[in-house]
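Asks: Below, each chain spelled out in residue letters.
Protein chains: 2
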Amino acid sequence: MGSTSLSFASRNEHRAWLAANAALPEGFRVATTRVEFTPVEAPKPSAMTLSLIALDEPTDKFAAVFTKNAFPGAPVVVGRRRLAAETLGAVLVNTKVSNVCAPGGVEASERLCAETARLIGLPSGESVLPSSTGVIGWRLPVDAMAAALPRLAGGLSRGSALPLAEGIVTTDLYPKLRSAPACGGRVLGVAKGAGMIEPNLATMLVFILTDVAVPRALLRDLLPRAVNATFNRISIDSDTSTSDTVALLSSGKAPFSEGKNAGEFEAALRRVCGDLAEDVVRNGEGVRHVIRVSVTGATDDAAAVALGKAVVNAPLFKCAVAGNDANVGRLVQAIGKCAGAAGLDVSGLRASLGGVEIFADGEFRLDRAKEEALAAHLRGAELYASAPGADGVFRPPVDFPRHERRVEAEVSLGAGPGRAVVLGGDLTHEYVSENADSRS
Amino acid sequence: MGSTSLSFASRNEHRAWLAANAALPEGFRVATTRVEFTPVEAPKPSAMTLSLIALDEPTDKFAAVFTKNAFPGAPVVVGRRRLAAETLGAVLVNTKVSNVCAPGGVEASERLCAETARLIGLPSGESVLPSSTGVIGWRLPVDAMAAALPRLAGGLSRGSALPLAEGIVTTDLYPKLRSAPACGGRVLGVAKGAGMIEPNLATMLVFILTDVAVPRALLRDLLPRAVNATFNRISIDSDTSTSDTVALLSSGKAPFSEGKNAGEFEAALRRVCGDLAEDVVRNGEGVRHVIRVSVTGATDDAAAVALGKAVVNAPLFKCAVAGNDANVGRLVQAIGKCAGAAGLDVSGLRASLGGVEIFADGEFRLDRAKEEALAAHLRGAELYASAPGADGVFRPPVDFPRHERRVEAEVSLGAGPGRAVVLGGDLTHEYVSENADSRS
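Keeping their order, the protein sequence lines are chains A and B.
If you count by my numbering, then the first sequence holds residues 1 to 440, one letter each, in order.
If you count by my numbering, then the second sequence holds residues 1 to 440, one letter each, in order.
No lab work stands behind these hints: they were computed from the structure.
Remember, it's a predicted structure, so these values are computed and weren't measured experimentally.
Using N, Cα and C, we set each Cβ at its ideal position, and we do this for glycine too.
Do not rely on the hints blindly, as some may be mistaken.
Have a look at the derived ranges for each label pair, beta carbon to beta carbon [said to hold, decoys possible]: (1) A:Ala375 to B:Asp391: 19 to 27 Å; (2) A:Ala385 to B:Tyr384: 24 to 32 Å; (3) A:Arg34 to B:Val398: 39 to 47 Å.
Let's have the full structure, built from the sequences with the hints guiding it.
Replies: Listed below in structure tokens is the structure:
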């Protein structure tokens, strides 16, 4: 996962790279617009971005996976119904209000889908997939959104997916867009998400567009597998969004032969998902260090994922990493917490951090020289130095990926063939600043 | 749990209350001393506090529960053996180094036990229970500790348990001591612990002393039940210490009749455990709001505990509370994350915060007036205002419990008879400051 990390010297360089890699696959158009409104639940005016993805012709080749949270948003409820639809012709996305368990939420989503369908010439709202992210509990400002739809539909254009990548983000530091060639066409993905991220079946909003004419049944086989190996193995804060959605649409413009091209397409899909997953972590809320835990020798892959997640979700280890403090005791504590609760055999644990062995044969392997090497590894993986603003608020000083380095933990158990790579981040003042009053 | 919260106007008032309630049960003496040392693993000198609890005569009436972390500390390994010992005559406690998976850790613990036994006239080290808290991975400075034991043993005195309560704390803001009368004698408990706290079978170090002559078998029945209903239902940061220990010792000085006194003793034990558990949360690392989640109508008590833990461990909800932001969407997200992963039925969810209904019949029940009432509830429960020092480090400005108020969440599921009360805290800059470089 994340084999092609990105690293840039400046925001401009990053944006230039994005623009150069943003070509929309054939058969798609996108548009975005801003909508101002005042929430029913809050006294202050607010604003959202509406984005639209439209296919030149409705397609039967689409797949989607959604959150496992027991309180899914209305767009997820509607989206699950759409999986049974014959064709899909558009995706309508809004930020700021996630439309989760809000009174009349499903009706609001359906009304916007129907209005969108009418404007772009689709037979009915059944051909539009709705998708929302933002505050949980607020109602969608349907009238303001409906009023903006004509200018949104009027702005649809081919060429670049970058406006879409920029339109769907919220607390993200930068847009996330990845692509790969495949079978004479392309696979392009955009992702939104920086917090409330521990996917339990897909996280955040991710839209993957391709012109390769992969049949519907195969898409629905390949997508969950790719998601499981990528988005389901990252965690920024262990919280699972009520809106998580990964949707994959094919315009069918590039011919596809299942016998000849399936492996190539799957590899491209996996690469785009893996790269986007790493992008999501690297610009996660308050993330100053990306932590990569490679687990081998677990009884099975599920146990390996659980152990990796336990490490990247352990608040004390995450804080230690934030402080460039190689408190590896907290790493082993996290493994032991998970193993103790799940009854896993960890008697053969060997662990290293940054290539330095820290634990073997039931004992720590530490000395002062190693401590210094470990601290240097952490300092080298820091994305930026932490400092509060004049108002006491901690904000990341960079809005592009400055380097591709990670805190590299290797955990081997010697108990079986199970393995997994899990990505997460540290726990920082920037995370607390971002989330202690994010609605105001 | 925590029916008798404490609230004081000043540090002096708090310390006076502690002193007035610290009378040692008959048959016990305590002492503490400071030990300076330089860890093998770190370049800087350090210091620990050694504490000793001694019984006038060895007792067969003792019980203990230990961490379920798969990498228990050496003192936990030794402590589990001690459960088989005929009698116990002393407990030796040190801070700063937890002696977890350190080379030669068990031998180090045993050597200190043997030395202690020799000094206070016990037959062997088998009669001494060792207990350590502190950095995971470092080795115990055995020689420096052994050299300090004579002055520790020489300082044993009756009267007050306050030196013990003060001796065992580390990042705790204040000592934690609770007591209750029982069966003509007393139950007194002291606790240490402020971080790495989500007990999975007891948390932190807790020593409970009583003079009531409850038989060994009954003590070993009552203690796990009390711990399960109290310490196992709190979480400061979801991390499970490798050293968690709750030990209960009776000097047997006050007569006990199982038929007549069992209920009274159990109630006193439960009260001391519940009060100490709330004390641990209220002075948890960085805790500015105590959060109390009362779950009813779950399929069983275990499901109720899991849901309550999911709420108090959800980083985004914890951050919102820290910012006095009544982002109840994050509360419902946490319930949905747990329910979705565990397959729990939450279709009948009703939830309130501070007595204000926020969710019923599958929908949020929010408006501006409620939002204001919710924010006022959060502000009222804040323990202190957050502000960084001149060096940018966030430190709690109080070292006593200033009030007893909590953020009160009520969650009812209508799915069965299961219920639980779970206590936790918010996620703050103070927590990050405390833990981003706690070893330096």
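Asks: So which of those numbered hints doesn't the model satisfy?
Replies: none
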